[in-house]
Amino acid sequence: MSLKDTLPRGRLWRALLLALLAALIGGLFVESHPHFGIDAVPGFNAWFPMLSAVALVFLARALARIFGPREDEDGR
Amino acid sequence: MLTQHFPALLVVVPLVAAPIIVLARHALASWLIALLATAASFGIAAVLLDQTLADGVISYAMGSWEIPLGIEYRIDAAGAFVALIVAGMGLIAMPYSRVGIAAEVRSEEHYLYYALMMLCLAGLLGILVTGDAFNLFVFLEVSSLATYVLIAMGRDRRALVAAYQYLLMGTIGATLYVLGVGLLYLETGTLNLADMAARLVSVGDSRGVLAALAFITVGISLKIALFPLHLWLPNAYAYAPSPVSAFLAATATKVSIYVLMRYFFTIFGPTEVFDARATGAILLGLSLAAMFVPAIVAIFQHDMKRLLAYSSVSQIGYITLGISMDSVEGLMASAMHLFNHALTKGGLFLVLGGVVLRCRGAGFDRLAGLGHTMPMASFAMVVGGLSLIGVPGSAGFISKWYLVSAAMHEGQWWLVGAVLASSLLAVIYVWRFVEVAYFRAPPADHPAPGEAPLSMFLPALAMIVACVYFGIDATWSSDVAMRVAEVLMSSRSIVQ
Amino acid sequence: MAAELLHHPALWLILGGIALGFLRGAPRALLSLGLPLFAAWQLWGIPEGLYGGMHFLDYTLEMLRVDRLGRLFGLVFLLALFVGSVYALRQPSRLEVPAAFVYGGAAVGAVLAGDWITLFVFWELMAIGSTLVIWAGGREAYPAAMRYLMVHLFGGVVLMAGITAHLAGGGGLRIEALALDGIAPWFILAGVLINAGAFPFWSWIPDAYPRASWSGMVFLSAFTTKTAVYVLMRGFPGAEVLIPIGLLMAGYGLIYALVENTARRVLAYAIVNQVGFMIAGIGIGTELALNGVAAHAFAHIVYKALLLMAIGAVIVQTGRRDCTDLGGLARQMPVTTGFAIFGALAMSAPLTAGFITKSLVLQAAADAHLTWVWLAMMVIAAGVFLAAGLKVVVFVFFGEPRDLDAEEAPPSQRWGMRLLALTSLAAGCYPPLLYDLLPYPIDYQPYTGSHVVFQLQLLLATTVVFFLLRARLVAMLGSLIDIDWFYRSLGPRWTKLVVFGVSIEIREVARLVMRGLANLLGSLRRHYGTRGVLARTWPSGSMVLWVALLLLMYLALFYLA
Numbered sequence: 000m001s002l003k004d005t006l007p008r009g010r011l012w013r014a015l016l017l018a019l020l021a022a023l024i025g026g027l028f029v030e031s032h033p034h035f036g037i038d039a040v041p042g043f044n045a046w047f048p049m050l051s052a053v054a055l056v057f058l059a060r061a062l063a064r065i066f067g068p069r070e071d072e073d074g075r
Numbered sequence: 000m001l002t003q004h005f006p007a008l009l010v011v012v013p014l015v016a017a018p019i020i021v022l023a024r025h026a027l028a029s030w031l032i033a034l035l036a037t038a039a040s041f042g043i044a045a046v047l048l049d050q051t052l053a054d055g056v057i058s059y060a061m062g063s064w065e066i067p068l069g070i071e072y073r074i075d076a077a078g079a080f081v082a083l084i085v086a087g088m089g090l091i092a093m094p095y096s097r098v099g100i101a102a103e104v105r106s107e108e109h110y111l112y113y114a115l116m117m118l119c120l121a122g123l124l125g126i127l128v129t130g131d132a133f134n135l136f137v138f139l140e141v142s143s144l145a146t147y148v149l150i151a152m153g154r155d156r157r158a159l160v161a162a163y164q165y166l167l168m169g170t171i172g173a174t175l176y177v178l179g180v181g182l183l184y185l186e187t188g189t190l191n192l193a194d195m196a197a198r199l200v201s202v203g204d205s206r207g208v209l210a211a212l213a214f215i216t217v218g219i220s221l222k223i224a225l226f227p228l229h230l231w232l233p234n235a236y237a238y239a240p241s242p243v244s245a246f247l248a249a250t251a252t253k254v255s256i257y258v259l260m261r262y263f264f265t266i267f268g269p270t271e272v273f274d275a276r277a278t279g280a281i282l283l284g285l286s287l288a289a290m291f292v293p294a295i296v297a298i299f300q301h302d303m304k305r306l307l308a309y310s311s312v313s314q315i316g317y318i319t320l321g322i323s324m325d326s327v328e329g330l331m332a333s334a335m336h337l338f339n340h341a342l343t344k345g346g347l348f349l350v351l352g353g354v355v356l357r358c359r360g361a362g363f364d365r366l367a368g369l370g371h372t373m374p375m376a377s378f379a380m381v382v383g384g385l386s387l388i389g390v391p392g393s394a395g396f397i398s399k400w401y402l403v404s405a406a407m408h409e410g411q412w413w414l415v416g417a418v419l420a421s422s423l424l425a426v427i428y429v430w431r432f433v434e435v436a437y438f439r440a441p442p443a444d445h446p447a448p449g450e451a452p453l454s455m456f457l458p459a460l461a462m463i464v465a466c467v468y469f470g471i472d473a474t475w476s477s478d479v480a481m482r483v484a485e486v487l488m489s490s491r492s493i494v495q
Numbered sequence: 000m001a002a003e004l005l006h007h008p009a010l011w012l013i014l015g016g017i018a019l020g021f022l023r024g025a026p027r028a029l030l031s032l033g034l035p036l037f038a039a040w041q042l043w044g045i046p047e048g049l050y051g052g053m054h055f056l057d058y059t060l061e062m063l064r065v066d067r068l069g070r071l072f073g074l075v076f077l078l079a080l081f082v083g084s085v086y087a088l089r090q091p092s093r094l095e096v097p098a099a100f101v102y103g104g105a106a107v108g109a110v111l112a113g114d115w116i117t118l119f120v121f122w123e124l125m126a127i128g129s130t131l132v133i134w135a136g137g138r139e140a141y142p143a144a145m146r147y148l149m150v151h152l153f154g155g156v157v158l159m160a161g162i163t164a165h166l167a168g169g170g171g172l173r174i175e176a177l178a179l180d181g182i183a184p185w186f187i188l189a190g191v192l193i194n195a196g197a198f199p200f201w202s203w204i205p206d207a208y209p210r211a212s213w214s215g216m217v218f219l220s221a222f223t224t225k226t227a228v229y230v231l232m233r234g235f236p237g238a239e240v241l242i243p244i245g246l247l248m249a250g251y252g253l254i255y256a257l258v259e260n261t262a263r264r265v266l267a268y269a270i271v272n273q274v275g276f277m278i279a280g281i282g283i284g285t286e287l288a289l290n291g292v293a294a295h296a297f298a299h300i301v302y303k304a305l306l307l308m309a310i311g312a313v314i315v316q317t318g319r320r321d322c323t324d325l326g327g328l329a330r331q332m333p334v335t336t337g338f339a340i341f342g343a344l345a346m347s348a349p350l351t352a353g354f355i356t357k358s359l360v361l362q363a364a365a366d367a368h369l370t371w372v373w374l375a376m377m378v379i380a381a382g383v384f385l386a387a388g389l390k391v392v393v394f395v396f397f398g399e400p401r402d403l404d405a406e407e408a409p410p411s412q413r414w415g416m417r418l419l420a421l422t423s424l425a426a427g428c429y430p431p432l433l434y435d436l437l438p439y440p441i442d443y444q445p446y447t448g449s450h451v452v453f454q455l456q457l458l459l460a461t462t463v464v465f466f467l468l469r470a471r472l473v474a475m476l477g478s479l480i481d482i483d484w485f486y487r488s489l490g491p492r493w494t495k496l497v498v499f500g501v502s503i504e505i506r507e508v509a510r511l512v513m514r515g516l517a518n519l520l521g522s523l524r525r526h527y528g529t530r531g532v533l534a535r536t537w538p539s540g541s542m543v544l545w546v547a548l549l550l551l552m553y554l555a556l557f558y559l560a
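Chains as they are written, first to last, in numbering that gives the first Met the number 0: chain A, 0 to 75; chain B, 0 to 495; chain C, 0 to 560.
Because the hints were derived from the structure by calculation, they are not lab data.
Built from N, CA and C at the ideal position, the CB exists for glycine as well.
Do not rely on the hints blindly, as some may be mistaken.
[Stated by the list, open to error] Now the in silico label distances, taken between C-beta atoms and shown as ranges:
no.	chain 1	residue 1	chain 2	residue 2	range
1	C	543	B	364	48 to 54 Å
2	C	189	B	364	19 to 25 Å
3	C	442	A	29	50 to 56 Å
4	B	108	C	189	21 to 27 Å
5	C	5	B	378	24 to 30 Å
6	C	54	B	31	37 to 43 Å
7	B	61	C	189	57 to 63 Å
Could you put together the complete structure from these sequences and hints?
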């Protein structure tokens, strides 16, 4: 699979980043109801999912290094 | 009034039908006579069950001789219940036999087949109705002798060997039984069962009584085919003509189980001997072995008739397990399974009979692809198989339910586990049939058979439908089974 | 027997399903579309209450219980069945749709069952129906269907044992919340969890479901696990043990969805993930949480079916199933691509059903001050969007075109997807449509400024991470063994355990164990097989020997005792 083509190029990619930025700025103005303290940190709903997604991918990759790859290919 | 002679007529009707058939010598006429006699017996059994449920014990003095000097016929709800099963199975087997034996018994022997069926029926019913220990032996022999010949009628030459082995084992069993009865007679001076029970209480812990208990238990266990005394059964069922397999599977072992219940709970039950010895524990051990070992053997069979036969030995284990619990609940579960297993296994053998007729054999190589060539029959087999496993909605489930409840009632949790584990084995052996019938191509020389003739398929279907019916509405069967258990336990509970 | 039973939707569905087996062409199409609608109309018309009256054993069964929760699940199942039938109109198999009706009918019967025994009967019927649906997937599906059936029969036995013990212990026949004391409720819980796909019985979902036909998995994804969720809601609301069980499932589903290559297996793992999310919600057990779980069951059925339909359409067109074999289909199948994108968004984007349901459960965790649970659920929400949404859509429909010979999905398939998308949109845009059906009164406003903005932050941030890390995601596709693999082909792979500090000896041990097993099997066959000692047709002499032995045993025990 060619990776180039899975990356939204140019304008689309910039639009994505801009939208995220807009959501982050918007988050500063809405009234929030933090429950735990940590969710009161600005942009929590952006950086926490981001970090956890990165962590998940690396965890999955580590597990795949240890246990993979499956050899019995009736597995599909 | 005629009704007051019903206990005697129950036996006399088929007993008299037998010589008439021999005199008639005509296949169709003998079939008609046999059918009528069986129907009459069934009607009488139904009336008797009705009466005993209402009034309790019916006692009938044979030839008006005074009891206990003369022979007493004595029937209560328990006996009448089993009698109804036996006569009912006979009534199903008769219309089936007309075509069912055509391929398996030489036509000049057909009238003999019917005569022997009548004798067998008379013997089995006699065992249930008699109140005399020695008379019971006589009926046991009448039915057994008829059975030996019926098995030997099978086309397969191995039927002869099977019949011979059964004869050998059956005779040993009967001999042990008679020895036991002789010992009891020495101790009590009576052959009347009720009288004997009453006198045994005062005899106490004597060696003679102990030996009698051991001899009778082993003798009857042989006739029950209780593991490990089952070795005669698979061959006998496998090589006998199909209607005979079905009739025997549903009745012969069940009647013997009734006899065991009688002796355990009514005769020996009130004595201290029975409680002091490990009778229940031994039976429990044998029952558990029976639930597992023959079931595993069944899994490895390559012939459907033998598979069902081993499954029978395994299912007998459930019935004796209920007996070994020595409680009303356990006995009720036994009575339920006696009835439900008679329905299931009788139905399965009947369906298989039709299949054997078409496929010319019950080996798995012959049955391959049955789901396509005989869809109705293989579906009926699967339904019956589900009842063997004890899937809810089938009769087998009801009996296992009561068995499991009885075990819980006793606080025997591990028995619950054992019953469930053994059911899993049943799943496997039933699955073997499903695999053969639905996932294999029919053999190359398969003559594209089509379904069994209606006269065979309808009776078989009736049994399978009954399996489902009594799995959904078990009100009648469980009520009667409860009464049976109470009746059997009544004399035992006096001491408890 | 109550007359209402004649209106029982399950009755009509199962009978109709059997009838479908004998029909073809237009009559089959009409019946398969009409039946779910008819059943829904019947269900809607039955007033709330308990109906039954059939006697079984010593019990009077209450075979039909209509209340808010049961009706909601019943209607959702009927919706799934209807939309699935639309989608499967061109399914050539004569077995699959009839089996799906029996399966779906049994599921409806299970969620409308008032007592444990009725529930169990429908439970087993579901197992049979769903096995047939998988079976209809063709030759390759056969072994998986058998493994699937074995797991479910085992689960059924465990459930049966639990129910029997429960009733024998004097427990009530009606399905009500059980306290986890004594052995019976634990057995029931275990039996239900096996059907939900909890550890260690979770791999049957990715093992069996993706082997069904292109339409089969749409049906499969809806019923079995959600029925288990329903029973857990009835029987064990607020059982704290469910929180770790559910989170474990969710984590497992997530990791495997990330590394899996076969598109529908990714979605199967996502089912485990989302069911885990729901089970954790049941463990929280507040009214808000239970409302959220019921609502999310609905939303999940809708968006998962939508994604499965899109992938199913791809399978029909290309015959390929793996992400690495697909790509660039957006040009050939624009409509399907659009629905797939919507399906991914419907997991949690505002204006879709997922948004108004997932937030209920998260809010419940927050209200209960379960910090860690809440954080874990946030991770799940982000992760599943990445793994099952973005990954499947981007890898299958975008990227380098592969010169695949594909056309747009036919109208029947497009209609199936369209109906689901509309359903999700309707519920998402007008929440009372769904909220009014929930079991408990609800006072929750999903569309506040902070809810919407924070959710957009989460989705956008996850998307950015996905595109940044996509190279690593591609590199690890299809490279992780699953737990079922351990019981399917144990043996040489034991050496892999080396990384856990266990030395190479393991291989020798495994070999010894295997040899021992082989020997055991051999001796089983020796003793029990047709020529085995215990099955041989014995010479009469040894039969008599047994008699003598048994007699001696009796006498010895009698005299010595």
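Here's how the hints hold up against the structure:
no., hint, in the structure
1, 543(C) to 364(B): 48 to 54 Å, "34 Å, violated"
2, 189(C) to 364(B): 19 to 25 Å, "41 Å, violated"
3, 442(C) to 29(A): 50 to 56 Å, "20 Å, violated"
4, 108(B) to 189(C): 21 to 27 Å, "58 Å, violated"
5, 5(C) to 378(B): 24 to 30 Å, "27 Å, holds"
6, 54(C) to 31(B): 37 to 43 Å, "40 Å, holds"
7, 61(B) to 189(C): 57 to 63 Å, "60 Å, holds"
The structure fails hints 1, 2, 3 and 4 (numbered hints given earlier, in ascending order).
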